[in-house]
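**Q** As a plain string of letters, each chain reads:
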Amino acid sequence: MQPLGYGNLSAARLDATFAALADPTRRAILARLASGEASVRELAEPFTMSQAAISKHLKVLERAGLISHGRDAQRRPRKLEAAPLAEANEWLERYRQFWEETYGRLDLLLDEMKQTAKPRTSGRRATAKRKGRRER
Amino acid sequence: MTTTKAGGALQITTPSDREVRITRGFDAPRQLVWDAYTRPELLKRWLGAMPGWSWAVCEMDVRPGGRYRWVWSGPEGAELALGGEYKEVVPIERLVTTEKWDQAWYPGEAVGTVELTERNGRTTLVTTLRYESKAARDVVLQSPATEGMGAGFNVLDALLASIATA
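In the order they appear, the protein sequences are chains A and B. Quick note, the first sequence lines up with residues 1 to 136 if you use the working numbering. Quick note, the second sequence lines up with residues 1001 to 1166 if you use the working numbering.
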């Protein structure tokens, strides 16, 4: 199910975003950049990884549009770009929303069904319920 | 991003690269949930009841090997239709169906498994949709995934939370 409602988002871009988010190191880098821009050296510090390895991760993040680098030619500080994350979040929200709405309607129906169910089922003992079911 | 309704939080995961799984609790015994899934007059009340759309055909022969056919009419003559076969029917526990859309918005046929468990009068409904290929699944998710989608929602939730508190 779920045929409707999200033709507008760029699949390729979301692909890149989710691929970039797949890695815990890259998520940690993004979380770090959320508190302000940082150089490659600063970003590498908390990890037991070479700056070269960190640079590879940064390239993936950059290609996904999740980060950019500043003008300072020496430091080349990286900073977080919020738009792709917001877009990914929007997509997730839509898929979730479809099911929330669908199941919300099912909640209402079930409430109604419970009201009209036979009073017998109001006894909550498991054995009683099982017995009740067999009689159906 | 987690919404708590009367029934419980909705969870969406991708257990394998061909599947999407949707889990949700309901504040009702599973017999009622089962009925809502398998009786056309009840199913029509909640499934696909999108604004602007109405049911045109709802035929279902709920037994192993039986078929179903669902058609909705939408704005300006638009139509959405799907059908398939009931592969497994284990009353109040498990329903396995194939699913193919006339409009073929994803390649091939999907297999949907609905599993119901009950505890203290509450039902947990687990729906697993398995697609023909990863590519088909990814069309559905509109997110060509890679491994990353695996943790999907949780990853993004956690990341957004950490960014919000940073």
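These aren't lab readings, by the way, just hints derived from the structure by calculation. Cβ coordinates follow ideal geometry from the N, Cα and C atoms, glycine included. Don't take each hint at face value.
Stated by the list, open to error - To give a feel for the contact side, a few chain A residues facing chain B, derived at Cβ under 7 Å:
1. Phe47
2. Met49
3. Arg63
4. Glu100
5. Tyr103
6. Leu110
7. Met113
Claimed, not checked - What the simulated footprint calls covered on chain B by chain A, stretch by stretch (three residues with Cβ under 8 Å from a Cβ of chain A suffice, anywhere in the stretch; the number is not a length):
8. 1019-1027
9. 1055-1067
10. 1075-1081
**Q** Are the hints correct? Go through all of them and say.
**A** Do the hints match the structure? See the list:
1. The criterion of a C-beta within 7 Å of any C-beta in chain B is not met by Phe47 of chain A, whose closest approach is roughly 16 Å, and the hint is violated.
2. This hint is violated: Met49 of chain A has a C-beta 19 Å from the nearest C-beta of chain B, more than the 7 Å allowed.
3. Hint status for Arg63 of chain A: violated, given a least beta-carbon distance of 13 Å to chain B, over 7 Å.
4. Checking Glu100 of chain A against chain B: minimum C-beta separation of about 6 Å stays under 7 Å; hint holds.
5. With a cut of 7 Å, the hint placing Tyr103 of chain A at the interface with chain B holds, because the nearest CB-to-CB distance is about 5 Å.
6. Checking Leu110 of chain A against chain B: minimum C-beta separation of about 4 Å stays under 7 Å; hint holds.
7. Hint on Met113 of chain A holds. Least Cβ distance to chain B is approximately 5 Å, under the 7 Å limit.
8. Check result for the segment 1019-1027 of chain B against chain A: holds, 4 residues qualifying (beta carbon to beta carbon below 8 Å, three or more required).
9. Three residues within the 8 Å Cβ limit are the bar, and the segment 1055-1067 of chain B against chain A gives 0, so the coverage statement is violated.
10. Counting residues of the segment 1075-1081 of chain B whose CB falls under 8 Å from any CB of chain A gives 1; the rule of at least 3 is not met.
In this structure, the earlier hints numbered 1, 2, 3, 9, 10 are contradicted, and the remaining ones agree with it.
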